[in-house]
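**Q** Given next are the chains, with one letter for each unit.
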Amino acid sequence: MSEAREAILARIRSALHDVPPSEQPQDSPVKRDYLTQGSTERAQLIERFTDRLVDYKAKVRHVSAEELAAAIAQSCAEHGVKRLVVPSDLPQSWWPSDVEILVDRDFSLSYDELDRSDGVLTACAIGVAQTGTIILDSGEAQGRRAISLVPDYHLCVVRADQIVDLVPEAVSNLRSAVLDHRRPITFISGPSATSDIELNRVEGVHGPRTLEVLIVVS
Amino acid sequence: MRPNSVVIELTPKFEKAAKQALENTQLRRNMGKATQTIRAKRAAVVGELPDWQALREAGRAIKERTLRHLDHYLLQLEESVKRAGGHVHWARDASEANRIITNIVRVHQAREVIKIKSLTTDEIRLNKALKEAGITATETDLAELIIQLAGEHSSHILVPAIHKNRSEIRELFMRTLGVKELSDNPKDLAAAARAYLRHKFLTTPVAISGANFAIAESGTIGIVESEGNGRMCLTLPKVLISVMGIEKILPTWQDLEVFLQLLPRSSTGERMNPYTSFWTGVTRDDGPQEFHLVLLDNGRSQVLADEIGRQTLNCIRCSACLNICPVYERTGGHAYGSVYPGPIGAILTPQLVGVEHASSLPYASSLCGACYEVCPVKINIPEVLVHLRAKVVREKQDHGGLKGKLDPENLAMQAMSRMFSNRVAYEAAQRMGQKGQWPMVKDGYITSLPGLLGGWTAMRDLQALPQETFRDWWRKRKKQEEKASE
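Protein chains in written order, with our numbering: chain A, 1 to 218; chain B, 219 to 704.
It should be emphasised that the hints constitute simulated quantities derived from the structure, not laboratory data. Note that CB positions come from ideal geometry on N, CA and C, so glycine has one too. It is possible that some hints are incorrect.
[Unchecked claim] Each pair of labels, with its calculated beta carbon distance range: (1) B:Ile-526 with A:Asp-51: 43 to 49 Å; (2) B:His-305 with A:Glu-113: 27 to 33 Å; (3) B:Arg-324 with A:Glu-113: 28 to 34 Å; (4) A:Pro-21 with B:Glu-370: 47 to 53 Å; (5) B:Gln-507 with A:Arg-116: 20 to 26 Å.
[To be verified] Stretch-level coverage of chain A by chain B, calculated; a stretch enters the list once three of its residues show a Cβ under 8 Å from a Cβ in chain B: (6) 5 to 19; (7) 111 to 124; (8) 144 to 157; (9) 164 to 178; (10) 201 to 209.
[As the list claims (entries may be wrong)] Some chain B residues flagged as far from chain A (calculated, every beta-carbon gap over 12 Å): (11) Ala-351; (12) Met-637; (13) Lys-660.
Build the full structure now, drawing on both the sequences and the hints.
**A** Below, the structure is given as structure tokens:
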């Protein structure tokens, strides 16, 4: 093994002269007495999730399962979307008519094609009410990371039963995607933003400048 | 060997640099406005969480566990990253890290790389090393881009261009980006940066990032950001190189449930920052197909060796301590002459480079303790500051030669120490003071002391020594009690 590796490990071990050799990591106590499970009713949860999304300048609409396809078509029309990127496993029933659909079949769309599209439509893995966060875990109907990043408009469908209350619930739900499947995870809270100029928040820098969320409620 | 790269130039003393900064009224206005805004935002979102103190304590405890077993976790991380298809490199210091990174870029024959804002790469001065190797590094974070285009140094770890206002940025962009017409509206300024960087994102083959978190059990790396430049760099290039200080490690995925709450609220004052990315090694058909993780020591193992200073490595670089600090608010970041300014810089920099190279920084504080109160991982910054001041004094005594030994402050302190440790000498000194102070006392206050002591009274009055000391009173009271009981 490399010389640097051995040297650094030796420095660390000598620096930790005060740690008894018999001490195991779990002997160093960590008390987890913070909240790990929310107690909010589902209806309230949806309301809070919506509220927090709006607070971070995302557009939000509640739709029923039957209305979903029409709502997608309407959103695309409102944003002048003519070329829409979709992951290959997105339900075809969601595809809006009158719009050119760019299916990312076998991850074949080039960055240029993504850049020249008008938007992207995906599902998500989890919604977090506490923070207004949408989580993509590269799972069903979400596609690879690039497709939800390069287009300027991201239309995301969240089922009400995907919404959890607290951040710890979301982290816990992602455990298998990370540890068993090593899938990339993206947390999205509102459209891309910067506060670099005089700490004024400006929505829309490099990521999608518009984030629209359709919450499917039963 | 001590790494010197953390210090920007061989630091002018903080006192001197601060004085200059304080004379810049534009800077003070910019800083005052910015820190007030962000303090209010932080307070509001922290107030939303009923379990904030429990989260802070958990954050501190997780970091303590990690640091006490750092060798174990680093080896676990190395194993996990390799298993997931990544490469792991170890770098003892800045030049070793720069060499490793430059070589990787060269192998891919890239003349240009894109970068995500990273303090660690600032610390090792990677951009300079790349430039010397003929490689252009483009910063993609808006504030970093502003700093890079202006040829300046960062003044805040989170918002590096906090010292610049919108009209200064407008002028800079018009001059350097070749934009003909531009307003000073932040929205238009951000749009100009978007247009400038778009093509680079889509075509540059190598990206370089830091790391906010590295999960030992899974080999997962996490980056938090706002603009989407991070996601671009982490997703589009073919090759990704991430540099992380060895202390950035967390044992388990579950630990993120704590840090993903602590960091954004303390940092930007948001419930959650717009984008957080996690990746584990290499994923087929998604993102970079070659991933390198560079583990950097660069003085950290020395910080680890100091039992009081060790907690400094808890730091998650949120910048809450900068924003709350009354000293930082007035002087801005440049006065610290270090990549890490503010209270955290005042304790981290001297430990990384050795107190002898940054001896004025532990004094860049009034010890008010506000930084400790807001720190999401409970670093007791005042405790470490005092500890480092003692080291500075010891260093002067031991290595300052005759000049250090005959330093008036040193002589005075030694005399004082002898006086305080001896009852007779202490009471004699009190009596001398009571008798000798009269020429300086006016209405019960001393407003101006002579000679070197004058520094103390330059900004504040000193209450005169009372004619009856506590000891006098105690003795008198005891005598009276004895009399009464007779």
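**Q** With reference to the structure, classify each hint as holding or not holding.
**A** Results of checking the hints against the structure:
no., hint, verdict
1, B:Ile-526 with A:Asp-51: 43 to 49 Å, "holds, 45 Å"
2, B:His-305 with A:Glu-113: 27 to 33 Å, "holds, 31 Å"
3, B:Arg-324 with A:Glu-113: 28 to 34 Å, "holds, 31 Å"
4, A:Pro-21 with B:Glu-370: 47 to 53 Å, "holds, 48 Å"
5, B:Gln-507 with A:Arg-116: 20 to 26 Å, "holds, 24 Å"
6, 5 to 19, "holds (count 13)"
7, 111 to 124, "holds (count 3)"
8, 144 to 157, "holds (count 5)"
9, 164 to 178, "holds (count 7)"
10, 201 to 209, "holds (count 6)"
11, Ala-351, "holds, 20 Å"
12, Met-637, "holds, 35 Å"
13, Lys-660, "holds, 46 Å"
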